[in-house]
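Participant: Sequence:
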Amino acid sequence: VDALRALGVRAGFMNSTQDFDERRMMEAEFLAGELDLLYLAPERLRLESTLDLLSRGKISLFAIDEAHCVSQ
Numbered sequence: 001v002d003a004l005r006a007l008g009v010r011a012g013f014m015n016s017t018q019d020f021d022e023r024r025m026m027e028a029e030f031l032a033g034e035l036d037l038l039y040l041a042p043e044r045l046r047l048e049s050t051l052d053l054l055s056r057g058k059i060s061l062f063a064i065d066e067a068h069c070v071s072q
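Heads up, the sequence shown is in my numbering, so the first residue is 1 and it goes up one at a time.
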């Protein structure tokens, strides 16, 4: 994400290493349309809060890395 930001890509991420304030900042940027790319850990898609967030924002493309996790 840091390398993408250095190139001018408005990128962010959400995972379990972030504290509450960091997550809220990413959520706000996503909902405001300020991100070009948002990385999510696959396991976050099992959380109701993440699904709610995604339903409230605009998603142009949804790509899955670590596709082997999808069946889990």
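Please keep in mind that the hints were generated in silico from the structure rather than gathered at the bench. Do not take every clue at face value.
Distance ranges between label pairs, derived from CB positions [unchecked claim]:
#, residue 1, residue 2, range
1, D19, S60, 26 to 32 Å
2, R46, D19, 27 to 33 Å
3, R23, A3, 18 to 24 Å
Backbone N, C-alpha and C define an ideal beta-carbon position, used for all residues, glycine too.
Participant: Now tell me if each hint is right for this structure.
Facilitator: So, going through the hints one by one against the coordinates:
1. D19 - S60: 26 to 32 Å: Holds - the Cβ-Cβ distance for D19 and S60, about 28 Å, lies within 26 to 32 Å.
2. R46 - D19: 27 to 33 Å: 20 Å, violated
3. R23 - A3: 18 to 24 Å: The hint (18 to 24 Å, Cβ to Cβ) holds, given that R23 and A3 are roughly 21 Å apart.
The earlier numbered hint that this structure contradicts is number 2, and it is the only one.
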